[in-house]
Every structure is written in structure tokens, then in C-alpha cells.
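Given the structure of chain A, go ahead and fit chain B onto it with the hints provided.
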Amino acid sequence: MTLDRRTFLGAVGLSALAVAGRAAVASLATAPEREGGARRWGMVIDPQMCLKAEGCTDCIAACDKAHNVPHLPVRAHEVRWIWREPFENAFPDQASRYTAELLRGKPVLVFCNHCDNPPCVRVCPTQATWRRADGIVMMDWHRCIGCRYCVAACPYGSRSFNWVDPRPYIRPLSLEFPTRTKGVVEKCNFCEERLAKGERPACVAACRQKVLTFGDLNDPGSEVRELLRSRYAIRRKPELGTEPAVYYLV
Amino acid sequence: MFMFEKAVVGSRRYWAWIGVLLAVILTGGLCYLRQLQVGLGITGLSRDVMWGLYIAQFTFLVGVAASAVMVVLPYYLHDWKAFGRITVLGEFLAISAVSMCGLFIFVDMGQPMRVLNVLLYPTPTSMMFWDMVSLTGYLLLNAVIALVTLTAEEKGVAPPGWIRPVIILSIPWAISIHTVTAFLYSGLPGRSFWLTALLAPRFLASAFSSGPALLILLTMAMRRLTGFDAGREATEKLSLIVTYAMLINVFFVLVEVFTVFYSRIPEHMAHFEFLFVGLHGHAPLAVWMWTSVVLAAGSLALLLTPRFRSNEKTLALACGMVFLSLWIDKGLGLIVGGFVPSPLGHVTSYVPTAPEIGITLAIWAVGLLMITVFYKIALSVREGLAG
Numbered sequence: 001m002t003l004d005r006r007t008f009l010g011a012v013g014l015s016a017l018a019v020a021g022r023a024a025v026a027s028l029a030t031a032p033e034r035e036g037g038a039r040r041w042g043m044v045i046d047p048q049m050c051l052k053a054e055g056c057t058d059c060i061a062a063c064d065k066a067h068n069v070p071h072l073p074v075r076a077h078e079v080r081w082i083w084r085e086p087f088e089n090a091f092p093d094q095a096s097r098y099t100a101e102l103l104r105g106k107p108v109l110v111f112c113n114h115c116d117n118p119p120c121v122r123v124c125p126t127q128a129t130w131r132r133a134d135g136i137v138m139m140d141w142h143r144c145i146g147c148r149y150c151v152a153a154c155p156y157g158s159r160s161f162n163w164v165d166p167r168p169y170i171r172p173l174s175l176e177f178p179t180r181t182k183g184v185v186e187k188c189n190f191c192e193e194r195l196a197k198g199e200r201p202a203c204v205a206a207c208r209q210k211v212l213t214f215g216d217l218n219d220p221g222s223e224v225r226e227l228l229r230s231r232y233a234i235r236r237k238p239e240l241g242t243e244p245a246v247y248y249l250v
Numbered sequence: 001m002f003m004f005e006k007a008v009v010g011s012r013r014y015w016a017w018i019g020v021l022l023a024v025i026l027t028g029g030l031c032y033l034r035q036l037q038v039g040l041g042i043t044g045l046s047r048d049v050m051w052g053l054y055i056a057q058f059t060f061l062v063g064v065a066a067s068a069v070m071v072v073l074p075y076y077l078h079d080w081k082a083f084g085r086i087t088v089l090g091e092f093l094a095i096s097a098v099s100m101c102g103l104f105i106f107v108d109m110g111q112p113m114r115v116l117n118v119l120l121y122p123t124p125t126s127m128m129f130w131d132m133v134s135l136t137g138y139l140l141l142n143a144v145i146a147l148v149t150l151t152a153e154e155k156g157v158a159p160p161g162w163i164r165p166v167i168i169l170s171i172p173w174a175i176s177i178h179t180v181t182a183f184l185y186s187g188l189p190g191r192s193f194w195l196t197a198l199l200a201p202r203f204l205a206s207a208f209s210s211g212p213a214l215l216i217l218l219t220m221a222m223r224r225l226t227g228f229d230a231g232r233e234a235t236e237k238l239s240l241i242v243t244y245a246m247l248i249n250v251f252f253v254l255v256e257v258f259t260v261f262y263s264r265i266p267e268h269m270a271h272f273e274f275l276f277v278g279l280h281g282h283a284p285l286a287v288w289m290w291t292s293v294v295l296a297a298g299s300l301a302l303l304l305t306p307r308f309r310s311n312e313k314t315l316a317l318a319c320g321m322v323f324l325s326l327w328i329d330k331g332l333g334l335i336v337g338g339f340v341p342s343p344l345g346h347v348t349s350y351v352p353t354a355p356e357i358g359i360t361l362a363i364w365a366v367g368l369l370m371i372t373v374f375y376k377i378a379l380s381v382r383e384g385l386a387g
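Residue numbers (our numbering), protein chains in the order written: chain A, 1 to 250; chain B, 1 to 387.
Here chain A stands alone, though its shape is the one from the complex (with noise of 0.2 Å):
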């Protein structure tokens, strides 16, 4: 068999293209991890557990010492990566009239969910935030220009941003983590930082009532998936499509 030289770069451009699109379609059709996968971090929230040392604040202490979060003393400026909000309010679609006492007006606690398909990673025009292979939805607080469209796109509230100098605000400082800069936006990390030595999430570690559980929702004999298995649990409005990556125990 002979070819000319013109029937071969056509069949190499040709060939170039298929294999182009090929992975475009293929980048356009990524599903999120599945078993066997990577890595995906989650975690497993058993409000009824919270609820018997109400009044404790020993998470969002650890956490926001941990990461140098500022407390400012004008609500309208708060920032928040793990807080208290009413059962209500983290979900507007469970409560009802006759909703278990145990749980009217009790306080949950909230921060970014991690999702699958993060619509603030979608719409950050800067990439600022993006979305790591085991899960985490990280940030570059080097890279935001403060737009705070992915603010307005996060349907949990989980995003704060900084209205003024954080700096005068944080006590103690921690020279483990840095400050943030007025001008960008902030959230929960899953505590990446200490993932990445091997330990548990601060809050995770802080708590003595055992009501935070951190894992890898791929193992299914991770401690996260066997709490999974044996009670159900709910998501933060998972008609959105995001897949949040944290549940609640009911």
C-alpha cells in the first residue's frame, strides 16, 4: 500500500482532531469519583449528638483559631467558615410546622459543604477557587479580586468576605496559617493544611461529643461511609444538584 504525501497529512490532521475532541468531550463529560476512585473527602454531622452539649463551642473554636479568623464586631461584616445557624435556616425544606422539638430553632452547624459541582468554582471569572481531584473546594486569597460573584452563587451562605482589614480582629494570631487581606473572599478548607500532615480537621479533633466525622466517602470501610450505611442522613437542599459532601444524621 502507498500513500502520497497529501493523503497522509491529512489522515495525521485528521487524526489530531479526533483526538482533541476526544478529550474534550471527555473533559465535558468528567463524572464525579465514583468507588474505587480517588480520595473523597466528607463528612458525617450528628446534630441530635450536638444538641446534648448545646451551648458548646469548642469547634468553631479550634477552627477559627486554627485558621486565623477575625471577629468583627459588626454583623454585617462577620466571617464565618464553621458556625451555629437554626435548624430552620441550614434547612428551609425539612422544617414544618410540627418539626421535632428536639430540633425547632436548635442550632446546626454549617460551613462550606465541599460539593461535587461547586456552582462558585463555576462561576469565579479569576480561578480563584477551585475544586480539588479528593474534593475540597479550595481558595487562592492571592488570586481573588473580590468580585464576590462566587458569594452570590453559593446556595449555603458558606462564603464570607472580607470588608475591612481582618488583621486587628484576630486573636490569637497563628503563625501556622496566614492572615487574609481586606478585599477577598474566605470559607472552610476541610483543613487541607492539616490533611496534608496526616491529622483530622480542627473541629474534628475539638470535639468531645464525637459529633463530627471526618473520611473518605470512597472507601466504603471508611468510619464516614459505615455511619452512612446504618442510619439515614440528610444534605443541604440536594435538589440544587451541588452533592454536598457533608450529612446530617437524622
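Please note that a few of the clues may not be correct.
Claimed, not checked - List of simulated lysine to any residue pairs, SDA-like, C-alpha gap at most 20 Å:
no.	chain 1	residue 1	chain 2	residue 2
1	A	Lys106	B	Gly345
2	A	Lys237	B	Glu267
3	A	Lys237	B	Phe106
4	A	Lys182	B	Leu36
5	A	Lys237	B	Ile265
6	A	Lys237	B	Met269
7	A	Lys237	B	Ala270
8	A	Lys106	B	Ser342
9	A	Lys182	B	Phe106
10	A	Lys237	B	Pro189
11	A	Lys237	B	Leu195
12	A	Lys237	B	Val250
Said to hold, decoys possible - Below, a sample of chain B positions facing chain A; criterion: calculated Cβ distance under 8 Å:
no.	residue
13	Val118
14	Ser126
15	Leu304
It should be emphasised that the hints constitute simulated quantities derived from the structure, not laboratory data. We put the CB at the ideal spot given by N, CA and C, even for glycine.
Just chain B, lined up with the frame of chain A:
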């Protein structure tokens, strides 16, 4: 450079007006320096109401910019000769409005010195990236078109042939800028006030009403101040466009209200309730929103009556009402209303602060200064031809 010499000769009144605008710009500039130093905390914005006056002005002005297509399309595609004298005015209005949009986005940034990161890390999944692309393109298109056509007019020759495809391109481009701006909001899960496919059509209808209304008012002011006459026919045709677009806009709003309140989905109703009657005792915008409704109804009553529409005084009144009504609707209610209640159900009032209003006024003054200078140039060219 681009006939700017024509803008530096003018009457005492002209210079007094320029002086007033510069004073407003200077005041706002000082407010901005303060914002740069302290942060966006000097505004009335909060962790619940993330965007306010700045982004709302941006949204409204994208509409004004897009509305230039309402004179460009009839003139270039349908050969409506009546618009011959005002087409370039529409394009200059678009240039000024897009420039204001850029400034409003800029002052809203938490880290303005990093704004070029949008170019450094282009992100096609972000509607903000596409908004930047479409607005920049639209600014360039209109700048080239206005420069080329006006230069040809000054020389008394026909514009070069290559400009026609550029002008034709500017027509769908104008539609695109406001569509993409609507997509900024209408694609966000969990913001039910904006989560409607009707948002982009609604944006376009309100733009094609408020923009030509402003153009009518500007040409009227020019006739009074300078003797430039846009022509009776042009005004009549523009007023028809304002009327139809306003009707379609009101129809769209009513369609939205039906869907929201007949379905009775609480999450969707809450935003309208906050705007018009208030929630949990917070009703900062109710007075404004009802004013907008009354102005819209009143303007339509005037515009739909041929006698009032053809009378210059009542037409001016109607155009003023249309502009103000839609400014309240888009420049106040639409953005703030989308943030309250928050995804966590919090109801937070938003009231702009004095420095925030100062910065906003300064950007409007920049826009007015641009319009003044551009229109002065355009008029001088025409007076030169007549004289």
C-alpha cells in the same frame, strides 16, 4: 486627536456645566480613595447583601448601552432616514454607558489592582468573563463606528464601505451584552429571584424602553440648549419604540408575578414580598418599588394616548417617568431583591452610605461628561457643515 479640539471651545454655560461635573467627580474620587484604604466596608453592603448600588447601576447601564441598537437597527437595516441625525448620538450614548459600566464594576472590586487576573486566567465557565468580553467588544465596535462615520461626515464624504459589516455586527452584539449580563444572575442555583429564563428578555425589554427614553430627553435638551433638531419624525418613531418596549416589559413583569404567586412557592415569593411589602419588619425598598409601579402605569397612560405622545411636554414627562421607573426597578430593586432573604433565610436591610452614593454620582458624572463632550463634537461637526 478625534476632533477633541471642538470640545474645548464653548460658551460660559458649557464650561459651568463641565465644572459642576468635574466637582462631582472630584468628590467621588476622594470617597473612592477612602474605600481603597478602608475597604468595601465603607459601603452599606453586608455578608447577606453582597452587591448593591454599584452592581445595580452597572446592570441598568448595560441596558442603556444596548439600547443604541434601537436607532442603529432601523437606520442601517431598514433605511429609516429619520434616524440619520441621531444614530451617532445613540452610539455615543452607548460608549458613555459602557464606560460607566466598566467603572462601576471596577469600584465594586475588593482587590481592584488584581482586576486584570480576569485576562490572565481566562475562565470560559464564568459568565463574568463573557460579560467582560462582550462589553469590551461592544465598546470597541461603537468607538470605531462613531469615529469613522463622524469623520466621514466632517469631510463631507460617504463612510468607507468596510464599516457597514462592522455596524451590522454591532446589532447582535448589542443584544448579547444585555443577555450575558442577565446570565450573570439567572444561572445561579439558590437565588430564586433571578432564577428565571425570563430575566434576559425582561432585561432587553426594559433596556429598549429606558435607553430610547433617555435619548429622547437628551435630544430635547440639546434642542433647547444648542438649537440642534433631531427632527419631529425621529422623536415620534423613538417614542413608539419606548411605548412598545415598555408595554412588553410590563407584560414580562406581570408574567413573572403570576408564575411566582400562583405557584405559591415560598422561596420565590419571599423576594417580591421583601421588595414590595417588607419581611420581618424590613421594608427599605417598598416606597421605591411602589413609586416605580406608579411611574410605569402613569407613563404607559401617557404614551398610549396619541395626543399625549405627540405633545412634546407630555412626551418628555412620560420619558422621564419611564426612565425613573426602570432605574428604580433595575438600579435598586433587582439586585438587592435577589439577596434578601439570604440563602439562610436572613432578612437584612441595605441602605447605601454617603461615600457609596458619592462614588456612584461621580461615575454618573463621568458618563455625563463623556456624553457632553461627544455630543459637543458631533454638533460642532454638523454646525461646521451647515455654516
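Evaluated hints:
1. Lys106/A / Gly345/B: holds (15 Å)
2. Lys237/A / Glu267/B: holds (12 Å)
3. Lys237/A / Phe106/B: violated (33 Å)
4. Lys182/A / Leu36/B: holds (10 Å)
5. Lys237/A / Ile265/B: Holds. Lys237/A to Ile265/B sits at ~15 Å (cutoff 20 Å).
6. Lys237/A / Met269/B: holds (18 Å)
7. Lys237/A / Ala270/B: Distance of about 17 Å is within 20 Å: holds.
8. Lys106/A / Ser342/B: With a Cα-Cα distance of about 19 Å, the restraint between Lys106/A and Ser342/B holds, given a limit of 20 Å.
9. Lys182/A / Phe106/B: holds (16 Å)
10. Lys237/A / Pro189/B: holds (10 Å)
11. Lys237/A / Leu195/B: holds (15 Å)
12. Lys237/A / Val250/B: violated (33 Å)
13. Val118: holds (5 Å)
14. Ser126: holds (4 Å)
15. Leu304: violated (38 Å)
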